[in-house]
Structures are given as structure tokens and as C-alpha cells.
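A.B. asks: Single-letter residue listing:
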Amino acid sequence: MAFEKILTRYTNIPNYTGTIDEYIAHGGYQALPKALRELQPADLIETVKRSGLRGRGGAGFPCGVKWGFIPKDSPKAKYLVCNCDESEPGTFKDRMLIEEEPHQLIEGLIISSYAIGCRLAFIYCRGEFVYGAQVLERALREAYGRGFLGRNILGSGFDLDVHVHRGAGAYICGEETGLLESLEGKRGQPRMKPPFPAISGLYRSPTVVNNVETLSNIPHIVLRGAEWFASIGPPKSAGPRLFSVSGHVERPGNYELPMSITLRELIFDHAGGIPNGRRLKAVIPGGSSAPVLTEQHLDVPMDFESLAAAGSMGGSGGVIVMNDTVCMVRVGEIVSRFYHHESCGQCTQCREGTAWLHKVLRRIEHGQGRKEDLDVLLDMCDNMKGKTICVLSDAAAMPIESYLKHFREEFEIHIRGRACPFEGKGAF
Amino acid sequence: MPTLKIDGVEVTVPAQTTIIEAAERVGIEIPRYCYHPGLSVVGQCRMCQVEVERMPKLAIACNTPVADGMVVSTRSPKVEKARRAVLEFYLLNHPLDCPICDKGGECPLQDYTLTYGPGESRSVEEKIQRVKHKVLGPHIVFDAERCILCTRCVRFCHEMPKTGELGVFSRGDQSEINLFPGKVLDNAYSGNVIDLCPVGALTSRQYRFQSRPWDLVRHTESVCPLCSNGCNVVLDVRHRQRGEELLRIRPRENQAVNRWWMCDEGRFTFTSLHDPARLRVPTWCENGRRAEMGYDDLLLRAARAIRRVVEAHGPEAVGCIASSRQTNEELFLVRRFFREFLGTPHLDFRVRSVQFQASDASEDGILRRTDKTANTRGARDLDIRPGPGGLDVAGMIAAASEGRMKALFVFEEDLVRAFPDRPLRQALGRLDLLVASSMFSTETTALAHAVLPALGFAEKEGSFTNFQGRVQKIHRALTPHVASQSLPEALRDLAVDLGRDLGGIEPEQVWAAIGERPGAYQGIAWKDIGDLGLLPEES
Amino acid sequence: MISDETKKRLDELVKRYPEKRSALIPILHDVQAEVGYLSPEAIAWVAAYLTLSPADVMSVASFYDMLHLEPVGKHMIYVCHNLTCSLLGAERLIRHLENRLGIRMGETTPDGLISLKRMECLASCGTAPAIQIDGVFYERVTPQTLDELLEKLRNGRLQGSRT
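Chains as they are written, first to last, in numbering that gives the first Met the number 0: chain G, 0 to 427; chain V, 0 to 538; chain C, 0 to 162.
No lab work stands behind these hints: they were computed from the structure.
Think of the CB as a built atom: it goes at the ideal place given N, C-alpha and C, for glycine as much as any other residue.
Don't take each hint at face value.
Calculated cross-link-like contacts (lysine-lysine; reagent style DSSO-like; alpha-carbon spacing at most 30 Å) [unchecked claim]:
1. K48/G to K56/V
2. K185/G to K151/C
3. K192/G to K161/V
4. K185/G to K48/G
5. K126/V to K182/V
6. K192/G to K56/V
7. K185/G to K77/V
Just a sample of chain V residues kept apart from chain G, beta carbon distances all over 12 Å, derived [as the list claims (entries may be wrong)]:
8. E28
9. Y206
10. E243
11. F418
12. H474
For reference, chain G alone in the conformation it holds in the complex (with noise of 0.2 Å):
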């Protein structure tokens, strides 16, 4: 049975450009008056529990326990937060969705933010979506121009206001806290948890942090049921996923599917395979802070649970496919600069521990490695591991330790050889 796409309906026919008029000629803005006519919040919340909607940002936590969370009876404002601040390297799929159906998630926040009590929402875009996050404004003034925001939406007695708001470039504000931060005006440095965001999130009230992803599912699940959701993919990782698709690839892009998907039919069924004959050597399956796999993985399923236990993880659904040229070593370096270049700073193992790992690696690729670095760099990954307050230090520490895992002989050969064997250095 050929899968149905969900959040990718429309973007494909020709033209289509997501203005109100197309989203809802095409049957968009049907869930959001069922939801504030038919349905309580409660209501609203459990059927998202019973959907088995996972948070599509990186963590997976199910989002309907999440809004769960959000106290009845707090007198304070409670907040959503649209995570927008797409940042994982290898992952590009919420970019698209703002950019090309932005209506869609509008739709999705309006129905979230009733379903936890929130009259003032926004959209944490990442500074560089300069383009998507004028799409989100001009997709907010249709809403609305429509009712669908403002006082008493669609006469049912429900506020909400909902404002784009800019970053300005780091990959930690796509942590939640450190998103929360950034959006009071601060560095972006994540919080300590407890409390976790529902309890006291944004201006110190109740917050749901969603991601676009997640939040964009939410009017099919209202629309077509909990049920029909649930029947989507595997039990435990229900629900369409978007894959983003990019390396060595014959067509990189965004792929709508089941997460009972394979590696192997992602890579090869859907993106084509590896072009100019060339073989797969390595494949990052959640966005780059994903432990690496290999061609003995290929018949992994992409849900969280089963890439887990490949001793990965499904993180943010970007899948970076690397042919048999890439120096892992290479690789290597290049993803920990990133991490070094991302640490917000405070806790002193990220701090320290980013840029160390980040110098070691350089040095193994430029030649100048010593044989008792590859030790040195695994217990430094262990002590980078679960000891600071958020998991960018994990982030760092695990794909490195995966490609000493699987390649470690390809780090060796760098340190005996005192250089990069890979053609062009490795300088790829």
C-alpha cells in the first residue's frame, strides 16, 4: 500500500505556494473549527496522548504528555513556542515546511495553544530563515485577516495573537530553555531543569515548546482521529516523519514516510542510492549529533526505537549519507568544530571538552596525531557525557565516539601514516 503523504500533500502541485486561499481550498483551516466547536481542551489533549505524536525536533518526547504537563490551575499566562530554530546539521524539512506551507502549522499552533489554555504563542525562527519567517508573517496576517487569529476566533470566544520572532544565529536556541532564554532577550544559554518549561517556562509562566514538524500534524490528527494517526507507521513512533536527505546522494531532499522505513529504502528506494558508483560507507541517521552507522545497519527502521537500539538515534530525521571517499577522520573534525563553534559556554565539561575534542581531531586529520589520542579522546567523550545541564556535550561526544567505534582503524592509519590518507587531504 502506497503511503499517503500527510504534511506534504500540496507542496508538490505545480504552483502551489501556500497562500490561505490555496491551503484552504485544498481543505485546509477544516480541523481548527471542529477543535474549538466540538472539542474541549481536554479533549484536545488526550486525543493527541492517544495519537502517539512524538516531538519531531530531535528528542521525541510524546507531545501530548507534554501539554499534559501544562498545570490546570495556574493562574499565570501559559505559553507556546513554535521551535523554528532548525539548526541540526543534515536537517532542512522545517525550513520547508514554512516556507511552502506555512498555513498548515499556523493551523496546528491555533489548535495547540486552545488545547493548553494559550492566548499569546510564538515562532522561534532561527535568524537565518530571513525568507521563512516572512512567509510566517505574511501567512499571519491572512489568519488574521480570516478570524483565525485575534479576539474570538471563529466566534467560539478563544484569543490568541501569535508573532514570529527572529534569532540570530546558534544552534543551542534550538534547545528549549536556551530557545526560552533567547526569546526573553538573553544569551541563549539553556536553563537548569527542573523546572522544565511547563511548570515554569517563558517569563517564568507555564510553556509548551513544540517543533514545526510536531506541530504541523496536529490538524490531521484532529481532523482524521487519534486512531487513524496511530495506524501510521510503528506503534510506538506512529505518524508521518519528514526525512531530510542529503551527502552522497542521488536525489537529497525532504521524504515524507512511515517510520517503519528502512535505511536502506530511504537511501536507496526513495533518494536514489549513492551516484557515480560509489559505495555507502557511513550514514548519520538523525541529524549530526546521531551516532554514525554503516552498511551492516541498512536494514535498521527509521522509528526511534529500533535506531536506538542500532546504538543511534532518530534525533532530528536528518539523514547525511557519506560514499566510500569521506575521511572519517575528516568527518570527524568537522563535526566536532561545529560543536565547538555551537557550545553556549556555561558548563566547563561543554566548554572545555567541545574545543579539546575539536583539536585533537584536526591534529589526527593534519597529520600530528599520537597513538594514545584515540584513548584520551573516548574518555573524554565519557566524561563530556550526561554531566552538563543540557545534552549539547552529549551532542559532541557521541557521534565522535561511534566513528571510533566503527572506524577506528581509519584513525590509526592516520596516526601511523601521519597523514590523511583520503585523496585531496581529506579537505572535501
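Starting from the known structure of chain G, fit chains V and C onto it as the hints suggest.
C.D. replies: Frame of chain G; chains V and C shown alone:
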């Protein structure tokens, strides 16, 4: 109240207490850099991680509240490894300039590295070079290479003086503490960042390179004399063999008075104690000629003059202007001498307008107060005020200028400067006897027949009563100059010359007498006044 | 230093937020667009506008890659050098740009026209290698298309986006 076990020791603490605080109660110090009880908790340094049973990850003790039945280990292998790792990470970029660092010897980075750290570095990478000597303000110099980004200084400036001069700029390992361009770190409390800094990144320009901490052999507990708040302090004095000198004043924690802090004025204004211009030897002036004179001769002459005045004009011709700079013990003896022995009602200490109000006021809502002397409250409590028919300070000056007042004692106050509008020179010039005590020559001492060198607060043993009424001890940190006596000694000898016995002049003895009298301090003995002072109404 | 028009826009912006400090980053974007970069004077202006300490504002501004505390060129070229773009030729593009403009990444042409900056993943991996010029994405860039873009930039024919 939850009961938990820390390293096998059971402790019961109020709910909401954090593990780090609970551990402190049973004498277990969990190493920390960013945590400070007086600042907001940021949980960044990760040094205080401990293992808590049934928690999957190590927990930071500074931000983990206790729970009933919790079992905490601060020394498990997992904790020790994590701690060693944090220290290794810190040392990646920390310069090895301990031998020339002011903090060396009292540095938590050094100390924890020694106790918990790795013996050697596994890093061969070059250390990041940063600015080594940036003057941040009048008191503080910054070494960015030594900084471990605990952000205590940044938080202090935001949270205490609320001046926010410092910030963390950039991010990741490029992060650096700095000032906004063109600004200086110059708030009334800036010196506290020196104590807060757990490494030698923020050092005192005054103390810089003055001493090694281990040469500061005496750490005398005292109280700052520069306003009525009475901030608790420690006086760090260098070893006699290297030249006894007070080199540093640090705040001493007293939650009821100054918490952990003190102001810059109190911290840095002590060099006058070592000023060569200090008066060291008593002088006597007769027929316009001033000469040094031993105490015995000088006091005999003063006694003779007093006797002459009293015989000719009665005790009402003698007056005394004491000072709220004096200790309670000095003030008590002064009162006994003048009011009881000589029998004059003319006794006062109020030379500042703020002292005529019921109380002074907070200057900034933090510590500093408007009365810039230490012991106005003590002077009040000890009734250093005119007796029946007695004159206040202005009255005594007027009486002197009219020739009714013949002998006047002025202790530790420069009357001429205190009353610029009054004809002081003319008034004081008419006196048969003017005795003045002072640390330095003043316009008043210039007019005095007898000048007694006064001791500084660091040379005295005694007590001040702060504006709250809290009696707090000061202890002698410095040996007074060999030629200088304390005021109690001089008064005792003067009393002897007048045929009276002032009684014991040591603080315990004076308090035995104070405690006998009705008044604020009734029933209090010297030993009752603890390290953190004594609030009589609470005792 | 800040025009009345911008000031009016900022006054409106601040009203969006329950706490006005929230407007800080959008304001910094706007002020940067107007002044060219976040000079100490510009930072001090923003600090006064939001009643924050200048150090506080500087601390925030220095955290974000797109906020420039030093003067930058009239046009800003961001080149993604993260993994996918690197796999597909980002370093080649960087070398090409550096050679064409005679400056290194992180520098500005002497005429003040163009600045180059390495950026981390721009969420354009499906169309790598990607760059951004003045806030606008250019994807699947080759040295040839790069030359065309530079030419248009010099002739003022490349429409940027107010960032």
C-alpha cells in the same frame, strides 16, 4: 523535615535545602566554583556533582533539593572521575603561573586540583592566550587567562550593587568576562569580586604582589569602623619578620549584618594606619612652643591644670567631647571619669548632624549607612550625653568662647573642622586646658595644650555597637607604636594623678562594670559577646 | 543615530512582548541593519532604550553569529561549511571566494563592499552546497554560479533581504 544520608552521615534539614547546604551542616565540603550562597545558582561549573542513589546521572549539589531517604555520595568513584575531569578541562587553558599569582596558596583551583585533580595533563594542545593584565577599575585588575568563567563576579555586580558592569562576552571557549568598552568597574562594592573569584583572575590592585598568603600569619576578626553598619571583617596582617603590616581587609560572614560582603571604602581605606604622619608621641604646648613629652609628665601637668580649674570654677568649668569613633569601653571609662569622678555634667559626642536624628539611614539599601562612624549607637546606649544642666557640644563651644568653660577634652574629633561656622579658634584659644586625642595632626590638635596620640581601630581591643544595637568585638591586629598608650591607659593614669581609681581597663573588666549598670547592656559580660556580636534584646 | 522611523517601529515591536527585554534580539537586528554593525554606540543606544546595562546588551549581542560587533561589509556572504556542504564542495567554494575577492573568510574587502563568513549548517543540506548573501539563500552553488552572483552583487543587481 527530610532526613538524608551524605557519605554515610545522617542529616535532617528543612525541605528545599540543597545537597550542598545539607552537606555543609555535617561538615562535608562539596567542591564548587560557580556556587556561592550569596548569589543566584547557575549550576555551570559542574564541580559539585554528587552521586544520588536511584538517580541515573550525577546531580549538581548546588541545585538539587534534598529529599527524605536520599542517599548521597560525594566521594564515589563516579563522582571522583567526574570531578577529576572537570579539573582537567579547566586546566586545559589555565596558565601555570601560580608562582606569580596572588591567589597562589589560597586558590580553590589549586586546592581542588591538589585534592581531587589529575596529577598531569593529557593535553598537548596550545593554551588559548588572552589578556593578562587589564585594569577594570580603581581597585581591580583582571587576568583573562586565569578566569574559569564561574561568573560569580558578573552575578555579583548584577545582583548586589545592581550596577551590571561585567558581562560574559562571546560564547563557548571564546567566552570572556569583560566590561562594556569605555566603562570601568567602579561601584561601591567592587572589591567583593576579589573574594568571590575562585582563581587569580580578579585581584586587588592594592594588595597585588604585596604578600604571599602564607606570610599573612594573623587573621584578626574585627569590625569595620567606617560607618554605623559595622560590617564584620578579617584583618590580614603580615608576619612581624617581614614587617608587621595590615595588608588586606576582607569581609567576614555575618548574616545579620553584612552577609558576605563589605564596601570598597571599608576594604581599601586602611593605609592611614601605617601613615608615617601618624601622631605617635604625646606633646605639650606652652607659650606657643610644642614639645614631645612623656605620658607621666604630661598627665601630671594636665592633672594639675584640671585641679586648678575645678578649685577655682567648680567642675562645671570642665567639659568633654567624646567620639562615636571610640569603643564602648573607652566611652564607658570617659563617662566614669568626667561625670562620676570630676562631676561635670558637660559630656557629649554628637558632632555630626546625623547623630541628632533618632537613627541614621541606609545610604544605598545595601550596607553603607549615612553615619560614617562606628559607634553612635554605643555612645547613646552608654549615655554619653549631657547630664542635668549639662551642655551639648555647641553649648560647650559657646561656654568656652564666653570664658565659662575653662578645661575641655576632645577625643578623636576635629572640632574646628566639624563646626566651620563657629569661632572655634577664638573659643578654644581661651581655654586654660585643651586636651585632644587624635591619630593625626588637625586644626584642633594645633590648638591643644596636650595632644595624645590616638590608636587606630586595628590597634584596639574592645567593641562597637552598630546601628541595629548589635554589640560587636574588635580585636587588636597591630601592635601600637611603642610610644603610644591607649586612651584607657592614659585616663587610668590621669585618674591616679587626681587621686582616683578608674578600675580595670581591660575589656572584660570594663564590661563587668558596664553589665552592672541599668541600661541597654545590663547583665552582659564580655564573654557573652560572640564572634558575630550580640543583640541585647535577643539575649 | 537611530532614525525616528526605526524608533517608531521598535516602539511597536516592544509592545508584542509581555516583557520588553524580549524585543532585544529583533531590535539588535534592526539597529544593525540601520547602523551597519553593532558599534559600542549602537549597543549603548539599545541598552538605554530597553533600560539594560550596556554590558548586558553586549553580552547578548556577542552570543549570536549574525550580530556583528565589528564593522562589516555592505554585503555579507555566509558560506555553510558544515558536513553536507563540505561533502559537496564547500571548501572549494570558500577557496574560490577567497581567491576572487583577495580576502580570507572572516574578512571584508578593502572597499568595504563584501564580507565573508563561515557559517554552520544553514538548513539547506538538500541543496548543498549553500550560501546566503544578505539573507537570501543560494543553493547548489558552484564556482561558476558564485562568479555570476559576485558580478551581480558588484553591479547592485542582487536583491538582499533586510536582515
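A.B. asks: Please write out, lowest number first, the hints stated earlier that are contradicted by the structure.
C.D. replies: Going through the list in order, the structure violates hints 2, 4, 7 and respects the others.
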